[in-house]
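There are 2 protein chains.
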Amino acid sequence: MFITKEKKEVPSIFEDGVPSLVRLSRSYDNPHWYNIAHVHSSDTELVFISSGRASFTINQKTFLVEKGDILIVEKGFIHSTISDAKEPSDIFSCSVANYKIRGMERNYLLRSPNVLPVMKSGSHEEFLRYCWREMQAYQEMEDPISRSICDMIAGSIAGLYYSLFFNQTETYEIPAPHFTQDILIYIYEHYCENITLELLSKVFHMSAGHISHEFSKAFGISPINYAINLKLDQAKWLLIQSEKSLTEIAAEIGYQNLQHFTNIFQKRNGCTPLEFKEKYSHKKKLLY
Amino acid sequence: MFITKEKKEVPSIFEDGVPSLVRLSRSYDNPHWYNIAHVHSSDTELVFISSGRASFTINQKTFLVEKGDILIVEKGFIHSTISDAKEPSDIFSCSVANYKIRGMERNYLLRSPNVLPVMKSGSHEEFLRYCWREMQAYQEMEDPISRSICDMIAGSIAGLYYSLFFNQTETYEIPAPHFTQDILIYIYEHYCENITLELLSKVFHMSAGHISHEFSKAFGISPINYAINLKLDQAKWLLIQSEKSLTEIAAEIGYQNLQHFTNIFQKRNGCTPLEFKEKYSHKKKLLY
Chain A
1 MFITKEKKEV PSIFEDGVPS LVRLSRSYDN PHWYNIAHVH SSDTELVFIS
51 SGRASFTINQ KTFLVEKGDI LIVEKGFIHS TISDAKEPSD IFSCSVANYK
101 IRGMERNYLL RSPNVLPVMK SGSHEEFLRY CWREMQAYQE MEDPISRSIC
151 DMIAGSIAGL YYSLFFNQTE TYEIPAPHFT QDILIYIYEH YCENITLELL
201 SKVFHMSAGH ISHEFSKAFG ISPINYAINL KLDQAKWLLI QSEKSLTEIA
251 AEIGYQNLQH FTNIFQKRNG CTPLEFKEKY SHKKKLLY
Chain B
1 MFITKEKKEV PSIFEDGVPS LVRLSRSYDN PHWYNIAHVH SSDTELVFIS
51 SGRASFTINQ KTFLVEKGDI LIVEKGFIHS TISDAKEPSD IFSCSVANYK
101 IRGMERNYLL RSPNVLPVMK SGSHEEFLRY CWREMQAYQE MEDPISRSIC
151 DMIAGSIAGL YYSLFFNQTE TYEIPAPHFT QDILIYIYEH YCENITLELL
201 SKVFHMSAGH ISHEFSKAFG ISPINYAINL KLDQAKWLLI QSEKSLTEIA
251 AEIGYQNLQH FTNIFQKRNG CTPLEFKEKY SHKKKLLY
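Chains as they are written, first to last, in the working numbering: chain A, 1 to 288; chain B, 1 to 288.
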């Protein structure tokens with residue numbers, strides 16, 4: 001049996017060449033894993049649940065996801081994740097930018113913001129799993145060939161997600177924009193600087209007490225604690241992924257005083273930064 | 001465990017956007033399958049042996065291939081294939097065009113023509129299998145979204161093949177160009193017209209006897225029989241893939257006389273065109 005198919009020229013849906021892969025992530029092997037509320041200002045995050053269960057909160061709506069589910073987080077969407085403790089999730093994500101789909105706004109993949117951003121990958125599950133494995137095999141190499149392969153694979157995933165969500169009939173209600181979202185975005189984009197309630201009050205022309213109260217109500221955490229969590233999450237990542245010294249890491253996330261950084265890290269994580277590095281950095285290898 | 005990798009901007013190796021997928025093929029489920037010597041004048045064929053064994057002849061050099069092997073057939077390379085009878089091959093191929101890799105000639109993937117065009121896919125085998133499955137799932141749809149997904153996946157494969165063969169150290173000796181290759185290309189590109197030895201003699205300024213003798217010596221088949229085989233192979237494909245009538249098919253491959261077509265088909269295939277259609281057209285479905 002021989003089957004062949006000649007292809008006619010059809011214009012691409014990508015008007016501006018291949019999307020660029022700007023970030024590749026994997027969270028796995030940690031029943032206590034979470035990702036605090038954050039937002040990306042210019043890229044689209046494509047998520048694949050490879051195994052386990054997790055809950056995603058996008059635009060204040062919580063979605064329970066499981067093995068085989070796919071998600072789109074558009075730019076500007078505030079989102080957070082918590083792994084299920086009993087069935088820890090293995091979640092792959094890749095973020096793409098610098099693309100424009102015919103008939104859509106630049107760097108948007110959902111045909112409308114209120115399209116339900118979660119669905120099953122169905123028959124595409126294995127293909128997606130191997131796409132991420134392949135990208136991860138190439139991610140450490142920064143040469144143009146490896147990068148182009150990753151861009152092409154990320155572009156394949158973006159095309160596939162666009163196609164699948166194009167037929168998504170379910171929608172959800174997005175809460176009306178609230179000023180606390182702008183505050184969260186501001187803190188997320190400036191957390192390495194010295195965030196204080198006074199500063200926020202000045203930037204947003206509101207009283208410090210009002211900001212603190214409304215932010216805590218919206219996100220369950222005070223603005224200052226949110227900024228500290230962002231700092232410490234970044235510190236954890238640098239401890240595992242980089243060879244930077246503690247002093248360098250502390251400075252990078254805005255702590256001029258090393259002892260202050262060490263104290264707050266230990267208080268919130270139950271171990272010192274070096275113990276954390278010791279415990280987790282070998283796991284980096286698991287990826288490959 | 002959480003791993004993330006921010007990507008810096010690196011210029012793509014594809015200078016001219018994504019390669020276009022121009023042809024998608026699969027040969028399987030037929031221990032007697034073969035593909036007679038032919039050549040593509042403008043695209044690069046990327047081949048993946050999904051299972052079984054086969055022999056590929058490229059530029060008069062024969063390569064025995066098996067499950068997991070990958071092959072590149074550059075434009076202008078004369079090639080033919082025979083499935084192994086005991087372990088029938090399942091071979092996927094996709095042909096790409098309209099691309100240019102930085103530092104290479106347009107529509108070329110091997111860094112030099114004499115690079116051995118066969119190697120193992122190794123750890124990429126499953127990824128490649130799912131790439132072809134995904135393309136085949138979309139191949140019947142000719143809408144821009146499906147086509148763009150196929151182009152992106154074909155581009156991923158092209159990038160991966162380029163990367164793998166970039167490190168191919170083995171080479172082989174390509175025979176010096178011979179005029180019989182030009183004759184084969186001429187016949188391949190004009191087989192639906194009325195190919196005669198007199199015509200070839202006029203086009204190539206050589207005696208009909210010399211052409212016939214040298215061509216048969218090079219390819220094991222006379223020029224006229226080669227043209228007839230090309231016609232009948234095309235007829236078989238149209239019988240299975242299209243809803244065209246016998247009269248239309250006969251005319252398309254250059255037989256004005258339907259009885260003449262039916263006779264020669266039956267003589268060479270052991271069944272009439274309609275019996276052939278009956279026997280094989282349901283297998284088309286197996287692909288999806």
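By construction, these hints were calculated from the structure, which means they are not laboratory data.
Do not rely on the hints blindly, as some may be mistaken.
It does not matter which identical chain is meant; a pair holds if it fits inside one copy or across any two.
DMTMM-like cross-link-like pairs, simulated, lysine to aspartate or glutamate; straight-line CA separation at most 20 Å [claimed, not checked]: (1) Lys-279 - Asp-233; (2) Lys-236 - Glu-252; (3) Lys-61 - Glu-9; (4) Lys-267 - Glu-198.
Because the structure is a prediction, the values reported are computed rather than measured.
List of violated hint numbers, smallest to largest: 3 and 4
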